[in-house]
Every structure is written in C-alpha cells, then in structure tokens.
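Participant: Generate the whole structure from the sequences, applying the supplied hints.
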Amino acid sequence: MPEREITEPVDLCLPSGRLAPEAVGWTRRPLHRANLRGWGRTKRWEYWGVVTPDHVVGLVVSSLDYAGVLGIYVLDRASGVETVHDDVVPLARGVELPERCGVGRVQASGASTAFVFDQDRERTTIRATAPDLTLDLTVAVVPGQDSLGVVVPWSDRLFQYTVKDLARPVTGRLTLAGTTYGVPAGESWAVLDHGRGRWPYSMTWNWAAGSAAGRGIQLGGRWTAGTATTENAVLVGGRLHKIGEELAWEYDREDWLRPWRIRGERVEATFHPFHERVARTSLVVLAGETHQCFGHFTGWAVTDDGERVDLAGLVGWAEEARNRW
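Numbering of the sequence shown is given in the working numbering, commencing with residue 11 and proceeding in unit increments.
No wet-lab data here; the hints were simulated from the structure. It is possible that part of the hints are untrue.
[As the list claims (entries may be wrong)] Think about it this way: if two alpha-carbon atoms lie no more than 25 angstroms apart in a straight line, the pair counts; the simulated SDA-like pairs of lysine to any residue are:
{"no.": "1", "residue 1": "K53", "residue 2": "A235"}
{"no.": "2", "residue 1": "K53", "residue 2": "R167"}
{"no.": "3", "residue 1": "K53", "residue 2": "Y76"}
{"no.": "4", "residue 1": "K53", "residue 2": "Y83"}
{"no.": "5", "residue 1": "K53", "residue 2": "G298"}
{"no.": "6", "residue 1": "K53", "residue 2": "E260"}
{"no.": "7", "residue 1": "K53", "residue 2": "R290"}
{"no.": "8", "residue 1": "K53", "residue 2": "G90"}
{"no.": "9", "residue 1": "K53", "residue 2": "G236"}
{"no.": "10", "residue 1": "K53", "residue 2": "A297"}
{"no.": "11", "residue 1": "K53", "residue 2": "T139"}
{"no.": "12", "residue 1": "K53", "residue 2": "P40"}
{"no.": "13", "residue 1": "K53", "residue 2": "E330"}
{"no.": "14", "residue 1": "K53", "residue 2": "N216"}
{"no.": "15", "residue 1": "K53", "residue 2": "E317"}
{"no.": "16", "residue 1": "K53", "residue 2": "E109"}
{"no.": "17", "residue 1": "K53", "residue 2": "P25"}
{"no.": "18", "residue 1": "K53", "residue 2": "W215"}
{"no.": "19", "residue 1": "K53", "residue 2": "S89"}
[Claimed, not checked] Label-pair restraints from in silico Cβ distances:
{"no.": "20", "residue 1": "S122", "residue 2": "S26", "range": "35 to 41 angstroms"}
{"no.": "21", "residue 1": "G224", "residue 2": "G27", "range": "35 to 41 angstroms"}
{"no.": "22", "residue 1": "V91", "residue 2": "G224", "range": "28 to 34 angstroms"}
{"no.": "23", "residue 1": "Y76", "residue 2": "T144", "range": "38 to 44 angstroms"}
{"no.": "24", "residue 1": "R87", "residue 2": "N45", "range": "19 to 25 angstroms"}
For each residue, glycine too, the CB sits at the ideal point set by N, CA and C.
Facilitator: See below:
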C-alpha cells in the first residue's frame, strides 16, 4: 500500500502524548508540530552535515531528556585530520529545540562548545564555536525545493518524526587553529537531519545522503523495518520522488572503506568512501557506536514517472549507528 502523503499542517501527538494517527505519513515540506509529552524516552535533535571542497563538517545539538549531547566534527579532506569537540550537558539544561522544523532558534552550549542556529523562510544561519574553532555559515532555502518529512511509527507510544533536507547551498567561513577557510558557493552543500520523537532504548540504523546542485539522494534502513514507512527518496530539479520500498544494504563491517551497495527495484546505488569516522559513547545508560563514511555515489534511482536518474557526482556519507539511549 502506498504511503500517505500529508499536505496540511498536523500535530505529531494527541493531547495524551501518544502518536496522532493522522500524523503518520510523509511530506514534501515540514508540516508537523512536534508537541511531544513525557520524559525519559523523548529525543530531539538538529544535525547539520556540510561538505565543501576542503572539509566535511558535522554539527549536532540534541536533547535526550536526561542529557544534552553536543558535537562539532571537522574533517580536512586533503590531510585526513579530524577535529572533534563533544559535550554532554546534564538534563539538557539550556538546550533549545523548537517544535517545528525550519522555524525559530536552536541554541545550546556546553563546557567547550556553543551553537546558535537561526532559521527562517529564506535561510538558516549557523554559528558554532569550540577551542580554536569558529564556524559561520549561511544555508539557503531553495525556493520550491522539496524536503522529505517522515513519521516512523513503532507504536502509538514510540515513534519518530524526521526531516531530511538535501542539497542546501551553503556559504561562509571556517576558522580552525588560526587559519580561515572559505566555504565556496556552488561547491558546498548542507543536509539537515531534524529529529523529534520517542524512541526504544536500543536501536540500529543506516543512513546515506548525497547532494549536488538540484539533485540529492536520501536512503535509510533497518530502523524503519516493519513499520510500513521508509525514508527513501531521490531529489531531481528540486522535486522529491518518494521510494516506498525497504532497500538492501551491503557493506563490509571489517573494512568500512570498501564500497557500499544500496539497492532495490528503484535504486541501485554504490557509495565509494574516502574516509571513515568512528564515534563511540559509553556513559552508563547512554552508549553507542557509529561508523560514518564520507564519499561519492554512483548508480541510479528511478523517479515516480520512470526516469532513471544518474547519481554520479553526488557527495555525502553513509553510516551505521548502534545506540542504547
């Protein structure tokens, strides 16, 4: 059965805090209000992934109820040198994450990091700081370009609303250890992962995203299995084409830098990594391991009208994450 496309604003939750049945489906623009209730299993986050000709940047501001987890990651693509700053804020004190995607301010600070993301209809401005690191970015909203919003329902008590916004043009500057690097227009792309939901304690997922001018690929796996919902889509000329099938992921957990294959009836993607990032967390109730590889895509995906879209030239990442939280 085709997934239901939602076209009008909707609340994610009922007054009781349980999942609203009418919220289950997918959108081309953010329409859900994440009116979450309850404590302990609620997870909120804003993640920005940015790829420039010289660097890969990852920024996360999150609230897991009992902790805020903040992070800045920078990869120098030429040297392979990683710069990493992470903070854990008890009880997520001072972490601000709005109910709606693309509206308002995201703000947080920890012992070594600080973040302000200001969002409006035309742009998101991003400022992040850490020791010897300052990031100032402007991420444009492309008029008329679709994003992918999906509600994944494990049950009426456990569910996730995610927005994956691909191929967002980004400009600005990165200052690292006293050297300032430009983020050139037309060669730099940002992807937003906006998440709001109530999660099981243990979960594993795959995520891949690739961007170029007016094109993008968004692929997810494992965590949506059995829910009749997927987070798969191809973006062409600003138009999103939803892919409803669960895809097969093939990769080597002994050698993460070997090519990854992600395939189904409408997708035959190969991801070619050039760098692997490994992130591990172990904080009593909070533990996780993520292998995130950065690289390029080849292959194809099929649009709603049967057009085969070439994925060559898309740059981004593919990952496996295992969390207990």
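Participant: Using the Cβ atoms, figure out if S122 sits within 35 to 41 angstroms of S26.
Facilitator: At 39 angstroms between Cβs, range holds.
Participant: Determine whether the Cβ-Cβ distance between V91 and G224 falls within the hinted range of 28 to 34 angstroms.
Facilitator: About 32 angstroms separates the Cβ atoms of V91 and G224, which means 28 to 34 angstroms holds.
Participant: Does the alpha-carbon distance linking K53 and N216 stay inside the 25 angstroms limit?
Facilitator: 18 angstroms, holds
Participant: Taking only the CA atoms, is the gap from K53 to P25 under or equal to 25 angstroms?
Facilitator: 18 angstroms, holds
Participant: For the pair supplied as a hint, K53 and E260, is the alpha-carbon distance within the 25 angstroms limit?
Facilitator: With a Cα-Cα distance of about 28 angstroms, the restraint between K53 and E260 is violated, given a limit of 25 angstroms.
Participant: Given the hint that K53 pairs with E330, test it: the Cα-Cα distance must not exceed 25 angstroms.
Facilitator: 19 angstroms, holds
Participant: Assess, step by step, whether the Cα of K53 is no farther than 25 angstroms from the Cα of R167, and give holds or violated.
Facilitator: With a Cα-Cα distance of about 13 angstroms, the restraint between K53 and R167 holds, given a limit of 25 angstroms.
Participant: Taking the Cβ atom of G224 and the Cβ atom of G27, is their distance within the range 35 to 41 angstroms?
Facilitator: 40 angstroms, holds
Participant: Does the hinted range 19 to 25 angstroms hold for R87 and N45 at CB?
Facilitator: 41 angstroms, violated
Participant: For a C-alpha distance cap of 25 angstroms, please report whether K53 and A235 respect it.
Facilitator: Answer holds: K53 to A235 is near 20 angstroms, not above 25 angstroms.
Participant: Assess, step by step, whether the Cα of K53 is no farther than 25 angstroms from the Cα of G298, and give holds or violated.
Facilitator: Roughly 15 angstroms separates the two Cα atoms, so the pair holds.
Participant: Assess, step by step, whether the Cα of K53 is no farther than 25 angstroms from the Cα of W215, and give holds or violated.
Facilitator: With a Cα-Cα distance of about 15 angstroms, the restraint between K53 and W215 holds, given a limit of 25 angstroms.
The structure does not agree with the numbered hints 6, 8, 15, 19, 23 and 24 stated previously, though it agrees with the rest.
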